[in-house]
Amino acid sequence: KQEVTQIPAALSVPEGENLVLNCSFTDSAIYNLQWFRQDPGKGLTSLLLIQSSQREQTSGRLNASLDKSSGRSTLYIAASQPGDSATYLCDLRVNQFYFGTGTSLTVIP
Amino acid sequence: AAGVIQSPRHLIKEKRETATLKCYPIPRHDTVYWYQQGPGQDPQFLISFYEKMQSDKGSIPDRFSAQQFSDYHSELNMSSLELGDSALYFCASSLYLAGGYTGELFFGEGSRLTVL
Chain H
5 KQEVTQIPAA LSVPEGENLV LNCSFTDSAI YNLQWFRQDP GKGLTSLLLI
55 QSSQREQTSG RLNASLDKSS GRSTLYIAAS QPGDSATYLC DLRVNQFYFG
105 TGTSLTVIP
Chain R
3 AAGVIQSPRH LIKEKRETAT LKCYPIPRHD TVYWYQQGPG QDPQFLISFY
53 EKMQSDKGSI PDRFSAQQFS DYHSELNMSS LELGDSALYF CASSLYLAGG
103 YTGELFFGEG SRLTVL
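Protein chains in written order, with this note's numbering: chain H, 5 to 113; chain R, 3 to 118.
Please keep in mind that the hints were generated in silico from the structure rather than gathered at the bench.
Owing to the predicted nature of the structure, the values given are computational and were not obtained by experimental measurement.
Every residue gets a Cβ at the ideal spot worked out from N, C-alpha and C, and that includes glycine.
Keep in mind that a hint or two might mislead.
Derived Cβ-Cβ restraints for the label pairs, each shown as a range [what the hints assert, rightly or not]:
1. G20(H) with D73(R): 44 to 52 angstroms
2. T20(R) with N67(H): 44 to 52 angstroms
3. E19(R) with P18(H): 43 to 51 angstroms
4. I112(H) with Q43(R): 24 to 32 angstroms
5. N22(H) with E19(R): 49 to 57 angstroms
6. N67(H) with T22(R): 36 to 44 angstroms
7. R30(R) with N67(H): 24 to 32 angstroms
8. R76(H) with K59(R): 23 to 31 angstroms
9. S88(R) with Y80(H): 18 to 26 angstroms
Start from the sequences, fold in the hints, and give me the full structure.
Structure below.
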């Protein structure tokens with residue numbers, strides 16, 4: 005069974021900082037990995053999708069990388085803003101889907 | 003742009019009752035996924051359908067069943083409800099891609115089920 009761990013579990017940073025969220029997984033035979041954000045009591049908003057053949061994806065201030073050999077993906081957020089405050093989840097597709105444990109991010113104005 | 007539509011948004015049931023949740027995927031999406039998210043938990047994959055056939059199965063209890071219809075909408079049927087079934091149920095949809103790749107998942111806002 006795929007084990008997906010996200011570190012740190014919670015992170016609090018001042019506005020404007022660059023930060024990195026980590027997602028580690030045990031089985032490297034993944035089809036793709038997707039990063040989401042979730043606001044309290046809300047649905048999941050897709051941020052970036054990385055197919056297994058890709059190394060990274062970028063969208064605006066976000067950059068996600070994938071290193072299957074080391075079982076790791078990182079989400080880089082540049083120039084953080086208070087609106088970035090949310091829980092960030094990585095989701096792996098193997099023969100089914102596995103969500104990570106999530107990182108709760110708070111950006112302090 | 004049209005998103006994934008789930009109904010009802012909120013549902014309250016008694017123990018041992020039955021509940022049905024509906025999901026309408028993004029137009030032209032052919033794959034639907036169901037997730038369960040308990041309080042303070044990360045989403046757990048339940049089941050998925052591609053072209054009306056079950057494609058993958060996760061931690062869906064035997065008391066639950068689901069299907070995808072010809073218009074690609076899906077329904078999750080839950081019977082003999084238990085207190086522990088209280089959760090947020092998400093539906094997601096994607097477009098199947100050839101070559102073993104899977105499309106980006108888009109989630110609905112969820113259906114909150116409360117079992118009393």
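Tested hints:
1. G20(H) with D73(R): 44 to 52 angstroms: holds, 48 angstroms
2. T20(R) with N67(H): 44 to 52 angstroms: holds, 46 angstroms
3. E19(R) with P18(H): 43 to 51 angstroms: Taking Cβ atoms as reference, E19(R) and P18(H) lie about 49 angstroms apart, which means the hint holds.
4. I112(H) with Q43(R): 24 to 32 angstroms: Given a distance of about 26 angstroms, which is inside 24 to 32 angstroms, the answer is holds.
5. N22(H) with E19(R): 49 to 57 angstroms: holds, 50 angstroms
6. N67(H) with T22(R): 36 to 44 angstroms: holds, 41 angstroms
7. R30(R) with N67(H): 24 to 32 angstroms: Taking Cβ atoms as reference, R30(R) and N67(H) lie about 29 angstroms apart, which means the hint holds.
8. R76(H) with K59(R): 23 to 31 angstroms: holds, 27 angstroms
9. S88(R) with Y80(H): 18 to 26 angstroms: Cβ of S88(R) to Cβ of Y80(H): about 36 angstroms, so the range 18 to 26 angstroms is violated.
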